[in-house]
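2 protein chains.
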Amino acid sequence: MRVFKTIGSIRDWSFSIHKELKSIALVPTMGYLHEGHISLVRKAKMSADKVVVSIFVNPTQFAAGEDLERYPSDLQRDLDICKKEGVDAVFNPDKKEIYKRNFQTYVENEHIGQILCGKSRPTHFKGVTTIVSKLFNIVDPDFAVFGQKDAQQAIIIKNMVRDLNFKTKILIEAIMREKDGLAMSSRNKYLSAKQRQSALVLNESVKYAEQQFQSGNKDIVALKSKIEQRINSTKDCRIDYVEFVNGDSLQNNIKKGDKVLLALAVFVGTTRLIDNTILKY
Amino acid sequence: MRVFKTIGSIRDWSFSIHKELKSIALVPTMGYLHEGHISLVRKAKMSADKVVVSIFVNPTQFAAGEDLERYPSDLQRDLDICKKEGVDAVFNPDKKEIYKRNFQTYVENEHIGQILCGKSRPTHFKGVTTIVSKLFNIVDPDFAVFGQKDAQQAIIIKNMVRDLNFKTKILIEAIMREKDGLAMSSRNKYLSAKQRQSALVLNESVKYAEQQFQSGNKDIVALKSKIEQRINSTKDCRIDYVEFVNGDSLQNNIKKGDKVLLALAVFVGTTRLIDNTILKY
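Each protein sequence line maps, in turn, to chains A and B.
Plus 10 on top of the position in the first sequence (first one is 1) and you've got the working numbering.
Plus 10 on top of the position in the second sequence (first one is 1) and you've got the working numbering.
Please note: incorrect hints may appear among the correct ones.
Identical copies go unnamed one by one, so any copy, or any two together, can satisfy a pair.
As the list claims (entries may be wrong) - Result set (DSS-like, lysine-lysine): computed pairs, CA atoms no more than 30 Å apart in a straight line:
1. K290 / K110
2. K177 / K110
3. K110 / K265
4. K269 / K110
5. K106 / K269
6. K106 / K265
7. K266 / K110
8. K290 / K265
Honestly, the hints are just simulated from the structure, not real lab data.
Predicted model, so just to flag it, every value in this text is computed and none were measured.
So that you can see chain A by itself, here it is in the shape it has in the complex (with noise of 0.2 Å):
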């Protein structure tokens, strides 16, 4: 497994890998790798012939007394894990090496960037779009892998594509789970034992309200309701938003037969954490 630090060596070897007729899958991350990172990597070796990991702690997708300085990081356990699952490259420059000095060219969404997390988060999907963008440029990937969990990023993504003409296809992996329903997260660490326990409302309010649909009950407003009274009553548990969404366009016009993004974000002590589903309406 190659170890990139610089954007003209990572450029090089993908370069080489293309001029073999070869396709690349990249999966970006913020490194400390769960198993749902794995479940990405696993995607993208069944979708590409070379699968690159990136390792980079974004700073401009995070503001200001947010948790940038304490995110969690183990570079050498990523490695291993990458290695492990036979990835091809991981790319791991240092911050230097990806904002210049006098950085100043930013890519973003200017629509449904500006709601749900956009909205306590107003700074995050700038971020997040330019951060992907440079990936996008340096590896020149073929397939790009991100995750569910992070429903309204990942549609964001699927925009960007489409309006500044990427040529990377992007794929998108389900969530996956620790045993008790809890969506993993490298922020899962954040918790105590205490906030482990409240922190399965999210999962709850998801399960929620995929048996009501299932059983027919399609009142979101009721049901909006309902969660919003379940986490209220959830020690240490703070709402961000719950939303019921159109899973197209993060939108609230749902008709029949449309895709229903049920989008939670929900502070369990300091620690925000975020979970969704996709409903029939």
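Fit chain B to the given chain A structure using the hints.
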């Protein structure tokens, strides 16, 4: 010469060129080609195996009330010129091909895109960086050629390439002028015979500054004032800006040995013209 109307078709062509390990230079234009564009094409031909000229009047770089609707156009003449110059491919998509429904992702310079021309045309450079990003992703050029006439645009594009890690190398070609010194521009067509005379004040201001610098007078404040007086006393002319700035950063920090950009924007009647020169401080 090939003429492509769709993204898919020029992308396939570009891929086939690169498969033969040949290089591509792109000349992005809004059509209505003049000697200035031709000089860009010739630079492109000297730099790469294949030359693509894009002809697309990009709506996102025009603000409401600007001249989008009446921007001059003569496609057949443009194609004849391209053919004569040995251009390999013209990319001439329609607006719907480039801006699909629900377009929402933009590329923006948040720093130097906001000054000089960016002040009087606040969304202009966002439109430019967005369309150029799209063209780079579609055509995948090894080189792209821009004119020094649009000095600020050239610097913003160079910043964009550095910041977003495009592989494309940016080449800048000198300003082409009419016999009497007026910088060539598709917009010169808007000028009446009298305005055409008045418009010479732009190039005269540039030449005046060059002469003064050469003779050792580098008092920027005094020169700026002289130039402003001269323009203000010219019939039909209204200053948008006259600025001496650092030729790399476009900021006001100028020290001995620096490149200085004198940039002018002047309304002649309702037509906004620009001109510039690089001086040594």
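Evaluation of the provided hints:
1. K290 / K110: between (45 Å within a copy, 26 Å between copies)
2. K177 / K110: both (25 Å within a copy, 16 Å between copies)
3. K110 / K265: Between copies only: 23 Å across chains, 47 Å inside a chain, cut-off 30 Å.
4. K269 / K110: For K269 and K110, only the inter-copy Cα distance (22 Å) is at most 30 Å; the intra-copy one is 41 Å.
5. K106 / K269: between (41 Å within a copy, 26 Å between copies)
6. K106 / K265: between (47 Å within a copy, 27 Å between copies)
7. K266 / K110: Between copies only: 25 Å across, 49 Å inside.
8. K290 / K265: within (10 Å within a copy, 65 Å between copies)
Comparing the model with each earlier hint shows no violations; every hint is respected.
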